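Engineer: Chains as they are written, first to last, in the numbering used here: chain Y, 1 to 538; chain R, 1 to 126.
Simulated from the structure, these hints should not be mistaken for lab results. Where hints are given, some of them may not hold.
[Said to hold, decoys possible] Looking from chain R toward chain Y, a few residues come up when the C-beta cut is under 7 Å (computed):
#, residue
1, Phe43
2, Leu45
3, Arg106
Keep in mind the model is a prediction, meaning the values are calculated, not measured. Built from N, CA and C at the ideal position, the CB exists for glycine as well.
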Amino acid sequence: MTLMVPAVNVAALKDTTLLNMGIFALFVAVTMVIVFRASRNNKTAADYYAAGRSFTGSQNGTAIAGDYLSAASFLGITGAIAINGYDGFMYSIGFLVAWLVALLLVAELLRNTGKFTMADVLSFRLKQRPVRIAAAISTLAVCFFYLLAQMAGAGSLISLLLGISDWGGQALVIVVVGVLMIMYVLIGGMKGTTWVQIIKAMLLIAGAAVMTFWVLAIYGFNLSDLLGGAAETAKNPAVLNPGLQYGKSDTSKLDFMSLGLALVLGTAALPHVLMRFYTVPTAKEARKSVVWSIWLIGIFYLFTLVLGYGAAALVGADTIKSAPGGVNSAAPLLAFHLGGPLLLGFISAVAFATILAVVAGLTITAAASFAHDIYANVLAKGKADAGTEVKVARRTVVVIGLLAIAGGIFANGQNVAFLVALAFAVAASANLPTILYSLFWRRFTTQGALWSMYGGLSAAIILIALSPVVSGAKTSMIPGANFAVFPLSNPGIVSIPLAFFLGWLGTVLDKRKEDATKQAEMEVRSLTGVGAEKATNH
Amino acid sequence: MGHDAQETDAAAAVDFKEVQSTEQFKELRKRHRSFVFPMSIAFLLWYFAYVLLADYAVEFMSTKVWGNINIGLILGLLQFVTTFAITGWYVSYSNRKLDPIASEIRHGIEGHEFDKHGNPVGGAAK
Numbered sequence: 001m002t003l004m005v006p007a008v009n010v011a012a013l014k015d016t017t018l019l020n021m022g023i024f025a026l027f028v029a030v031t032m033v034i035v036f037r038a039s040r041n042n043k044t045a046a047d048y049y050a051a052g053r054s055f056t057g058s059q060n061g062t063a064i065a066g067d068y069l070s071a072a073s074f075l076g077i078t079g080a081i082a083i084n085g086y087d088g089f090m091y092s093i094g095f096l097v098a099w100l101v102a103l104l105l106v107a108e109l110l111r112n113t114g115k116f117t118m119a120d121v122l123s124f125r126l127k128q129r130p131v132r133i134a135a136a137i138s139t140l141a142v143c144f145f146y147l148l149a150q151m152a153g154a155g156s157l158i159s160l161l162l163g164i165s166d167w168g169g170q171a172l173v174i175v176v177v178g179v180l181m182i183m184y185v186l187i188g189g190m191k192g193t194t195w196v197q198i199i200k201a202m203l204l205i206a207g208a209a210v211m212t213f214w215v216l217a218i219y220g221f222n223l224s225d226l227l228g229g230a231a232e233t234a235k236n237p238a239v240l241n242p243g244l245q246y247g248k249s250d251t252s253k254l255d256f257m258s259l260g261l262a263l264v265l266g267t268a269a270l271p272h273v274l275m276r277f278y279t280v281p282t283a284k285e286a287r288k289s290v291v292w293s294i295w296l297i298g299i300f301y302l303f304t305l306v307l308g309y310g311a312a313a314l315v316g317a318d319t320i321k322s323a324p325g326g327v328n329s330a331a332p333l334l335a336f337h338l339g340g341p342l343l344l345g346f347i348s349a350v351a352f353a354t355i356l357a358v359v360a361g362l363t364i365t366a367a368a369s370f371a372h373d374i375y376a377n378v379l380a381k382g383k384a385d386a387g388t389e390v391k392v393a394r395r396t397v398v399v400i401g402l403l404a405i406a407g408g409i410f411a412n413g414q415n416v417a418f419l420v421a422l423a424f425a426v427a428a429s430a431n432l433p434t435i436l437y438s439l440f441w442r443r444f445t446t447q448g449a450l451w452s453m454y455g456g457l458s459a460a461i462i463l464i465a466l467s468p469v470v471s472g473a474k475t476s477m478i479p480g481a482n483f484a485v486f487p488l489s490n491p492g493i494v495s496i497p498l499a500f501f502l503g504w505l506g507t508v509l510d511k512r513k514e515d516a517t518k519q520a521e522m523e524v525r526s527l528t529g530v531g532a533e534k535a536t537n538h
Numbered sequence: 001m002g003h004d005a006q007e008t009d010a011a012a013a014v015d016f017k018e019v020q021s022t023e024q025f026k027e028l029r030k031r032h033r034s035f036v037f038p039m040s041i042a043f044l045l046w047y048f049a050y051v052l053l054a055d056y057a058v059e060f061m062s063t064k065v066w067g068n069i070n071i072g073l074i075l076g077l078l079q080f081v082t083t084f085a086i087t088g089w090y091v092s093y094s095n096r097k098l099d100p101i102a103s104e105i106r107h108g109i110e111g112h113e114f115d116k117h118g119n120p121v122g123g124a125a126k
């Protein structure tokens, strides 16, 4: 089979701007109507934070997939495979396998013991105030980095999808995205946000399915031929082998191990993923949610394998790299190659919707953590009524939204993948050890939790600050300076084991013993679901 | 299905230490841990073995098996297969071995504190 390698005319993309905007506006209009309808029953804190715990496992699983398949996943992984071949594929494996940690060790037990936030579980049998504050701080830190990544991604996407290349225009679009997101979360609460996630996940998976089928059809449904085509266009058979991106040196190999550790252990500790388990009525439904999301996410990543190599074969790495938006433009360019302006418009709108939905999910998580953990339980010492708490949460949404807009404008052009990997590393270091210890280790104490959370959080952030990501390399955030004493760009391989160690050390050195009754209660409740938070009736 | 949680907020008045020391609960905990711990260790080892191979055994991973499909791609796709398989296995294990005993304990506790037809007390919105 002889294959022509057609040139994608990048200039022609600009002609589709109006179409892209039109399709996106349609998405916003439809979801707004749904959010308004969903908002009618937002009366209590359980309604606002946890959607009245009324979603089914399959709905919530789809929403989790929507939360998880961010623009970094869709555009980032497709682009990484298109440019770096096999190494891009290895990202998606880490992102998927990570869900087994959530399924086996975290989801159900967490659903049975908590109410709204991760801190509910961590402070269950330890000293309330200090542990809750620590958990809230790490929740806010993870959400902030993740949020920044999404907003920064919005800026660079825009340059490709809407043909807006000047700084002011991009800033304006970031403001629009931010304001829309604030409205979703303010009005719709968790229920509205969840519906936006569900719709977006279905559109994204359907769009990727159509493109995958299309690419495979071009190659007669023969994966080997597709891979051959990719190697031929790249004029480099090594795109099919590991090592193109991470095999350069011993440091880069170690860096990949570090990234792999952060990816596989970070997912089950991401606060916005954990919070989704409270939107279902029982632990059994929480389990079903994870099963659904594992299937959806797994199938989606299989699509991205085909799409990435498809883009490498049909569009070509050089065209992708020189397009505005760079690596991230692989999927949109492939859509344009396959289905012309209409498919490009659809995929672009879905990419926007993705950012919008993920940002909304992060915002409600951060707002819930601030209002429920810091305001209601620490500042008001548990005496705030639910109405005031929700009011505080709504105000927090506005503040976080404004911060995200400002941060997004500031971070526009920064490396998106680094910010996301940082969020995973911080989550795995600061949260996962304490989650696992408090669920499974009877002796675990408050001191262990605090050492592990603060130690993991600060180790991750300090190592990042001292890494080549921030200084000392051409691609650094501060290219002029050089204080990069830590050679790896992902801190996971150091900070995660350190946090586990500190949790152990803090516990064995602690002279205080925790309340055995509380430990018994947590263990019994986590495994049996006795006294778990119920769904609210409407 | 799924809405068996519309029961009572029995947690307040239960002697959890007593429940924790019952043979039935110990059996539930044993069944849970004897599945999730070895399984977690197994999939993490398998995942890191794969990452190490991709990182340090590039030539082995690049060995072509069928057309352009090499060992690396096959092992990568096997990661997907094992993830799906462990998911299915865990669900069937929970349905058979964990859920029945968990709901027995739960009903035992809740039936103990309230009469069987007692009205649901409280909601989630506290």
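Engineer: So, against the hints stated earlier in the document, which numbers end up violated here?
Structural biologist: Structure breaks hint 2 only.
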